[in-house]
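Number of protein chains: 2
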Amino acid sequence: MIMSRIEAPRSEDTAATGNLLDLLLGGLPAEAVLTDPDVTASYAHDMASFCPAGSPAVVVLPRTVEQVQHVMRTATALRVPVVPQGARTGLSGAANASDGCIVLSLTRMDRILEINPVDRIAVVEPGVVNAALSRAVGEHGLYYPPDPSSWEMCTIGGNIGTASGGLCCVKYGVTAEYVLGLDVVLADGRLMSTGRRTAKGVAGYDLTRLFVGSEGSLGIVVRAVLGLRPKPPEQLVLAAEFASAAAACDAVCRIMEGGHVPSLLELMDRTTVKAVNAMAQMGLPESTEALLLAAFDTTAPAADLAAVGALCEAAGATQVVPADDVAESELLLQARRLSLTALEAVKGVTMIDDVCVPRSRLAEMLEGVDRIAGKYRLTIGVVAHAGDGNTHPTVCFDPADPDESRRARESFDEIMALGLELGGTITGEHGVGVLKKEWLAREIGPVGMEMQRAVKQAFDPLNILNPGKLF
Amino acid sequence: MIMSRIEAPRSEDTAATGNLLDLLLGGLPAEAVLTDPDVTASYAHDMASFCPAGSPAVVVLPRTVEQVQHVMRTATALRVPVVPQGARTGLSGAANASDGCIVLSLTRMDRILEINPVDRIAVVEPGVVNAALSRAVGEHGLYYPPDPSSWEMCTIGGNIGTASGGLCCVKYGVTAEYVLGLDVVLADGRLMSTGRRTAKGVAGYDLTRLFVGSEGSLGIVVRAVLGLRPKPPEQLVLAAEFASAAAACDAVCRIMEGGHVPSLLELMDRTTVKAVNAMAQMGLPESTEALLLAAFDTTAPAADLAAVGALCEAAGATQVVPADDVAESELLLQARRLSLTALEAVKGVTMIDDVCVPRSRLAEMLEGVDRIAGKYRLTIGVVAHAGDGNTHPTVCFDPADPDESRRARESFDEIMALGLELGGTITGEHGVGVLKKEWLAREIGPVGMEMQRAVKQAFDPLNILNPGKLF
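Which chain is which? The protein sequence lines are A and B, in order.
Take 1 as the starting number for the first sequence in the UniProt record's numbering and just add one per residue.
Take 1 as the starting number for the second sequence in the UniProt record's numbering and just add one per residue.
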């Protein structure tokens, strides 16, 4: 599977490719059209493991809406598949090239067009980097919450395509909740505006939301109106250690049932704590079976931490450490920030699952992952956005060992099956892409699949927009 | 226009109607099938003015999902249009019957199936009344925010169909943000599940959101998973009087730009204040050109009110009255609650517009409505969810006066044109229905309309689901 290629309409024929390039150059400057195979190969895939990728015929880097329209008109005329890309930090292969495709990189459309503190909106091009937007709005006392781990690299267009989440979702929700309106270039090159720049609006079907998480398969987002919030106070963090994962999950349930609204509620299991210890000597007790991190960005965070600390103790926490200030809070978050790097160091490569379950089933999920790790003789560390029930079981394996690679893939799949059994979803925030497309049907069933395909057909009747992804 | 009928596929022929009833009775108990014309006439329309309505062939009141499926299978077999209805409190004619249709009332499917305080969700049937759900979740310390004015009557299914808003949206958002997953009976009677019961989830296109606000034109919602929040503290209210609408709007901008998050931010213009005074002798100064109400449900609301009060004074408020407690807050809200009734009393009938503009353009909107009222020699009072820029210019007219009725309709349309000019939308929360369907194309343009129709076609190829609405 690793070596296989995405099946898709192809235009391998040299003459056809020559024709494609000629047509593209009719509406794009030469420097925006890359054909050197060494260069185009670097655009072949995102950061997912186990996902096939093909060789693009060409990579285009438009700077204007008109140039994107030209690319799509050309693609439609020649029936060439188009794979839209942001920073390629995705974890599901949704940005992987297919053979003979046009890779449409939106990274050069990176202007912040407007920041409006009264209307609390920003208007941006798709290539704006998440962190750049966050900093720019921060200067106006505003806050763009969605914060995927890759926020220093990933683009808003990519965030919209994959409906990204992050650490703050437990309080502030996901990307979808901040996308108010879009300009989209359709498969045939026409430009469509959806949504609004107002706080509310219900005129017609919500096509804006349909594009969020559509992985570039319905159209090319060329401009977005994003909702913003007032910047909250800096958050204060509490760390709590538990002698069992079940006790930590019990604490999560008590916190949420108790009506608390943490700005972050993260869980690391034993395997992750050990990996972080091994890498960074952070002094976490080796006896820790689970570490819970809770934060509050309220006006009186110390009181919130005290209340949540008491709930952790009631659930059996062996130690509760509330930070006194922002600097100490940052220290406590270090372990969480290092988790994925530390797990990667275990075997060289990881495969990060993204199963989200109702938070009342979190303990069963962690117990099940532990069982699966044993069954497949693998190291699987779990980092979870616990407040959302969104787990990232991270399978550590040596890609040079075929048997271990096979077991890694099988355990990865079994974790998804477990998530579905517990009333969850195969993907909380990473998307379907190539990695999970066989699983989508298992989650949403035949009628759902048929309607998903009908929507795809309505927007992209020639199936040239990121074919082979999602379905 | 008032007297015209909705054009739609018909089955007027008596034999055909007999056949329809026979088939319906094959899967529904007799008491769930109403055919007495006096009774069915009472299901002909919702609460919108100026909207044509036809005579239903039959009204059905299913109690189960299977019964809804039977109705839709029958409708598909006979090509009979189906008009889904909740409590018919809508304000755009979206629930109006068409001649010969099946009115599908979901009011008897009114069970709350689950309330889960750990997962913070409720699972409900569509006929549950908004207030009944609010009270039931309140007993668990939870909060279902969407609060349309009709909340004591309107149903969750209707709220989903129209994507309802309310007073709390400025802080808590609209219905769409609380719908996590749906069970939907499709046009052909098949059952589809969309979405999730988890906090996050991005598996496939977001079909859930597509149904929210679709006015029953894509499928019949038979079950909804709704997100809940912890119950906030009771809100404390401040009232501020201004010598001009522009000054009140300036205060709104200062409050939002200042990073405040009120739980309510409502504005009443001079005309509304006078109407309320005339009805209820509330002692509001007749010199008041605009009244602003702000509320906070934070842990320290008095401090928030003080800060917002200072901003109102800086914007030129002539009087600022912060409530000391919940009882006083309720008194201050009375004037707002009476607004629409008071405006109705002016001439007997009102037509309530629903234009939402960027809040930075609110002053221009109010000024424009005042100009339009003068031009058409009409009383038009504006009540606004000012924090959202969502205005309800309310045209008062005597329906027995044809010239005044014509001027009312024209002013209503001119207000929408003004909203679009200011970068707004023709409907912030009431929907398109019949009332605004000619306006939808003006807002979203020809490409948008084509894609809206393509989505409709994908879900309802025979055009039997609420035909003649939206488009």
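Just so you know, these hints were derived from the structure itself, not from any lab.
You may find that some hints are simply not true.
No copy labels: a pair is met if it fits in one copy or bridges any two.
To be verified - Computed cross-link-like contacts, DSSO-like style, restricted to lysine-lysine with a CA-CA straight-line distance of at most 30 Å: (1) LYS231 - LYS347; (2) LYS347 - LYS274; (3) LYS231 - LYS456; (4) LYS274 - LYS437; (5) LYS437 - LYS231; (6) LYS375 - LYS456; (7) LYS375 - LYS231; (8) LYS171 - LYS274; (9) LYS231 - LYS274; (10) LYS456 - LYS437; (11) LYS171 - LYS375; (12) LYS347 - LYS437; (13) LYS347 - LYS456; (14) LYS171 - LYS347; (15) LYS456 - LYS274.
Just so you know, these numbers come straight off a predicted model, no measurement behind them.
Going through the hints against the structure:
1. LYS231 - LYS347: Classified as neither; 40 Å inside a copy, 46 Å across copies.
2. LYS347 - LYS274: within (14 Å within a copy, 75 Å between copies)
3. LYS231 - LYS456: neither (38 Å within a copy, 40 Å between copies)
4. LYS274 - LYS437: For LYS274 and LYS437, the Cα distance exceeds 30 Å both inside one copy (33 Å) and across copies (61 Å).
5. LYS437 - LYS231: neither (38 Å within a copy, 39 Å between copies)
6. LYS375 - LYS456: Neither, since 39 Å and 48 Å both go past 30 Å.
7. LYS375 - LYS231: neither (46 Å within a copy, 43 Å between copies)
8. LYS171 - LYS274: within (28 Å within a copy, 42 Å between copies)
9. LYS231 - LYS274: Neither: 35 Å inside a chain and 39 Å across chains, both beyond 30 Å.
10. LYS456 - LYS437: Answer is both; intra-copy 15 Å and inter-copy 26 Å each pass.
11. LYS171 - LYS375: So LYS171 and LYS375 fail the 30 Å test inside a copy (36 Å) and across (48 Å) alike.
12. LYS347 - LYS437: Result: close within a single copy only, 26 Å intra versus 60 Å inter.
13. LYS347 - LYS456: neither (39 Å within a copy, 50 Å between copies)
14. LYS171 - LYS347: neither (34 Å within a copy, 47 Å between copies)
15. LYS456 - LYS274: Classified as neither: same-chain Cα gap 45 Å, cross-chain 53 Å, threshold 30 Å.
Of the hints listed earlier, those the structure fails to meet are numbers 1, 3, 4, 5, 6, 7, 9, 11, 13, 14, 15, in rising order.
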